[in-house]
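A.B. asks: Each protein sequence line maps, in turn, to chains Y and V.
Just so we're aligned: 398 in the working numbering is position 398 of the first sequence, and the numbers increase by one with no gaps anywhere.
Just so we're aligned: 251 in the working numbering is position 251 of the second sequence, and the numbers increase by one with no gaps anywhere.
Any given hint might turn out to be false.
[What the hints assert, rightly or not] Simulated restraints on C-beta separations:
id, chain 1, residue 1, chain 2, residue 2, range
1, V, Thr-288, Y, Glu-41, 48 to 54 Å
2, Y, Asn-370, V, Ala-215, 38 to 44 Å
3, Y, Leu-7, V, Arg-211, 55 to 61 Å
4, Y, Gly-376, V, Arg-287, 36 to 42 Å
5, V, Gly-366, Y, Lys-63, 37 to 43 Å
6, Y, Gly-376, V, Thr-288, 32 to 38 Å
7, V, Thr-288, Y, Pro-122, 31 to 37 Å
8, V, Asp-248, Y, Lys-63, 54 to 60 Å
Worth flagging that the hints you see were computed from the coordinates, not collected in a lab.
Virtual Cβ for every residue (Gly too), placed ideally from N, Cα, C.
Protein chains: 2
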Amino acid sequence: MAVGKVLFPVMPVVEGVSLGTAEAAIKKPGRRDLVVIEIAEGASVAGTFTRNAFCAAPVHVAKRHLVNGAPRFLVINTGNANAGTGDVGMRDAEATCAELGRLAGVPASAVLPFSTGVIGEPLPMDRLLDGLPVALASLSADGWQAAGEGIMTTDTRPKGATTTVEIGGRTVTINGVSKGAGMIKPNMATMLGFVATDASVDQVLLETLLREGVARSFNCITVDSDTSTNDACILIATGRGAKVTSDDDIARFREALDRILIELAQAIIRDGEGATKFVTLEVSEARTRQEALDVAFTVAHSPLVKTALYASDANWGRILAAVGRAPVDAFDVSRVVIDLGEVRLVEEGGRASSYTEEAGSAVMAGEEINIHIRLGRGEETATVWTSDLSHEYVSINADYRS
Amino acid sequence: MAVGKVLFPVMPVVEGVSLGTAEAAIKKPGRRDLVVIEIAEGASVAGTFTRNAFCAAPVHVAKRHLVNGAPRFLVINTGNANAGTGDVGMRDAEATCAELGRLAGVPASAVLPFSTGVIGEPLPMDRLLDGLPVALASLSADGWQAAGEGIMTTDTRPKGATTTVEIGGRTVTINGVSKGAGMIKPNMATMLGFVATDASVDQVLLETLLREGVARSFNCITVDSDTSTNDACILIATGRGAKVTSDDDIARFREALDRILIELAQAIIRDGEGATKFVTLEVSEARTRQEALDVAFTVAHSPLVKTALYASDANWGRILAAVGRAPVDAFDVSRVVIDLGEVRLVEEGGRASSYTEEAGSAVMAGEEINIHIRLGRGEETATVWTSDLSHEYVSINADYRS
Numbered sequence: 001m002a003v004g005k006v007l008f009p010v011m012p013v014v015e016g017v018s019l020g021t022a023e024a025a026i027k028k029p030g031r032r033d034l035v036v037i038e039i040a041e042g043a044s045v046a047g048t049f050t051r052n053a054f055c056a057a058p059v060h061v062a063k064r065h066l067v068n069g070a071p072r073f074l075v076i077n078t079g080n081a082n083a084g085t086g087d088v089g090m091r092d093a094e095a096t097c098a099e100l101g102r103l104a105g106v107p108a109s110a111v112l113p114f115s116t117g118v119i120g121e122p123l124p125m126d127r128l129l130d131g132l133p134v135a136l137a138s139l140s141a142d143g144w145q146a147a148g149e150g151i152m153t154t155d156t157r158p159k160g161a162t163t164t165v166e167i168g169g170r171t172v173t174i175n176g177v178s179k180g181a182g183m184i185k186p187n188m189a190t191m192l193g194f195v196a197t198d199a200s201v202d203q204v205l206l207e208t209l210l211r212e213g214v215a216r217s218f219n220c221i222t223v224d225s226d227t228s229t230n231d232a233c234i235l236i237a238t239g240r241g242a243k244v245t246s247d248d249d250i251a252r253f254r255e256a257l258d259r260i261l262i263e264l265a266q267a268i269i270r271d272g273e274g275a276t277k278f279v280t281l282e283v284s285e286a287r288t289r290q291e292a293l294d295v296a297f298t299v300a301h302s303p304l305v306k307t308a309l310y311a312s313d314a315n316w317g318r319i320l321a322a323v324g325r326a327p328v329d330a331f332d333v334s335r336v337v338i339d340l341g342e343v344r345l346v347e348e349g350g351r352a353s354s355y356t357e358e359a360g361s362a363v364m365a366g367e368e369i370n371i372h373i374r375l376g377r378g379e380e381t382a383t384v385w386t387s388d389l390s391h392e393y394v395s396i397n398a399d400y401r402s
Numbered sequence: 001m002a003v004g005k006v007l008f009p010v011m012p013v014v015e016g017v018s019l020g021t022a023e024a025a026i027k028k029p030g031r032r033d034l035v036v037i038e039i040a041e042g043a044s045v046a047g048t049f050t051r052n053a054f055c056a057a058p059v060h061v062a063k064r065h066l067v068n069g070a071p072r073f074l075v076i077n078t079g080n081a082n083a084g085t086g087d088v089g090m091r092d093a094e095a096t097c098a099e100l101g102r103l104a105g106v107p108a109s110a111v112l113p114f115s116t117g118v119i120g121e122p123l124p125m126d127r128l129l130d131g132l133p134v135a136l137a138s139l140s141a142d143g144w145q146a147a148g149e150g151i152m153t154t155d156t157r158p159k160g161a162t163t164t165v166e167i168g169g170r171t172v173t174i175n176g177v178s179k180g181a182g183m184i185k186p187n188m189a190t191m192l193g194f195v196a197t198d199a200s201v202d203q204v205l206l207e208t209l210l211r212e213g214v215a216r217s218f219n220c221i222t223v224d225s226d227t228s229t230n231d232a233c234i235l236i237a238t239g240r241g242a243k244v245t246s247d248d249d250i251a252r253f254r255e256a257l258d259r260i261l262i263e264l265a266q267a268i269i270r271d272g273e274g275a276t277k278f279v280t281l282e283v284s285e286a287r288t289r290q291e292a293l294d295v296a297f298t299v300a301h302s303p304l305v306k307t308a309l310y311a312s313d314a315n316w317g318r319i320l321a322a323v324g325r326a327p328v329d330a331f332d333v334s335r336v337v338i339d340l341g342e343v344r345l346v347e348e349g350g351r352a353s354s355y356t357e358e359a360g361s362a363v364m365a366g367e368e369i370n371i372h373i374r375l376g377r378g379e380e381t382a383t384v385w386t387s388d389l390s391h392e393y394v395s396i397n398a399d400y401r402s
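Between the sequences and the hints, there should be enough to build the whole structure, so can you do that?
C.D. replies: Pasting the structure below:
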């Protein structure tokens, strides 16, 4: 299941980025499961990674290679996460970088590895290494959709976003692809987002823009509260286009980048495992942003709220109970106001006097649901996106060995 | 669904406690839904209540009446939680106490009210008040099973536990009943537990014993991470039997009380909504008990772990990923050891070398699953009990307006 029909956009070229894929039969034959992304020399690259303490071998290697030098290639396999694989996993991730480096004539440390799929199985290294020359041979500036398909696991569709922005009188492009449908409660970024622009952006600025953008996009989505061992988001600025330097340029570029990150993050929720609803949870009037996030995630993770959403049941009592158990100090619940779309659900500690079941049910019948929770304590806000909890979610995760 | 066949025990009399029930048609006719418990004069009574900020009207009133005076009656209705009902809810809870007090010849402040069921609907006061004389007329020292049935909501069976302990050469009895199947992540106690003993226990000691016992029983269970607005646990010591004073007596009484509280808490998990597995999560070698609890609850709340349990899939990668995202500082995951029953799953950051799918699957095939997680950081421990996440859980909560 997935919410709405979303077509993969027509992606323009980003000068300095080429993408290639192969069918390496990593988990099963007959599908794209290996992606290579070539980055032109001189690009800036920033990355964010999972905070799961059990992070996967490729995350360790990618972080080290990113710090060490100037990345020239990303290599991504699906079908196997190379996580929980101990020393063997580390050697496999390093061997993948070494072989790609040898084939392409760059040092192993210029290759960042990424993996997604089943946890705890060793990588099928023979098949993976055999796929590398095939992926290299198919490198193309037009390879964005193929790359989006090549990183899918339980995703039902590839996820891409593109935009342009004027910088110094020139048009720069920002393209991105992402994947993910389950084990989605990113903490730094979600497995996997790859975003590239032809703009020229200073390395330190690029890292700041990615960190701040991810905090309001990938780190604000949740399907099932489970943080993956393999989350990563990479942002590439090839520098072939306009230079982002003035405060005005930075503001415009940031706005465009944030739009792409949010679009990619939302695409993951729309394709969340078993999702039948796309839910926007806005919390405002909080004392701190953390408090707003805590309330939003407590509601977003509540199985009772999620099953009520699945049933299209305007069960405001469950929302209220979830808000009430959020970790908020000295919480005066009589000040809480909850709106479902344009319909007031809760005020003064109970059901709003104007509320009718008919009005609530009309909103809940939609596929896209907005819930706005005002805490009446301050001025901070947070927005979190989530999906519902359906029979299909249980079926997918009771059947799929991930 | 429910795990295992558990019969309601034969409950002996607790001198000084009588229980009566009525069919008041609060949500629907033809079932016991109103319970009155009479407590003899001179008893000590301790209570713990939900920490949900949106706590229900009867919780407010019960806490106030408990502080004010010597409780003589508990009145419990199922089918309606009287939560999220604002001022009307407070007046209804107080009117219930006043009417029962009038009928029984005690002050309203000697009555503690409790409610469970749908959130946000006004109590049907006419039918509830009409039921009070019927419940009073049926008061009996043998009413424990009827009372256990009278507090059920989505429970599939009544839950009771009984034990005896020798105090000062005399046998004292401890009886208890509980209810609950969903919205179960108690924070103080779960809605609802009522425990009574004929022992004589000083009020301050009774409160301490209940608080400490609840911390290791009701506060260590979770079905779905949702804390109810109506949780409450009440402990009555009628004082008709032996006096608990010496350190030896206290230790013996505490051991017996803790056994009853744990048995009642576990009964809730065995009857958890949609439960097909009863899962014991033991975390040891933690630096602090809170750290052990944090890891245990992170695993217990993971939808991916819960669906794997439902599928009888020894998916150790999901357990490992959940442990890895628990809020633990400076976590060295290479020291973590995870056992599934007698089978070693994880050591040195990955799958144990001795592990086989066959051995793991054999353990997972059972209805009762033990998972032991050693953190290798200290000496503190915690044990948490939980159930799996099944299609039936989704069906129950997508259909039931609670």
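A.B. asks: Next step is simple, just say for each hint if it's right about the structure.
C.D. replies: For each hint, the structure was consulted:
1. Between Thr-288(V) and Glu-41(Y) the CB atoms are about 51 Å apart, so this pair conforms to the stated range of 48 to 54 Å.
2. Checking the proposed 38 to 44 Å range against Asn-370(Y) and Ala-215(V) shows it holds: the Cβ atoms sit about 39 Å from each other.
3. For Leu-7(Y) and Arg-211(V), the hinted distance range of 55 to 61 Å is satisfied, since their beta carbons lie about 58 Å from each other.
4. Taking the beta carbon of each, Gly-376(Y) and Arg-287(V) are about 38 Å apart, inside 36 to 42 Å as hinted.
5. In this structure the supplied range 37 to 43 Å holds for Gly-366(V) paired with Lys-63(Y), their Cβ-Cβ distance being about 40 Å.
6. At about 34 Å, the CB distance of Gly-376(Y) to Thr-288(V) agrees with the hint of 32 to 38 Å.
7. One distance hint, 31 to 37 Å for the beta-carbon pair Thr-288(V) and Pro-122(Y), holds here, with the actual separation near 36 Å.
8. The hint said 54 to 60 Å for the Cβ distance between Asp-248(V) and Lys-63(Y), and at roughly 58 Å that hint holds.
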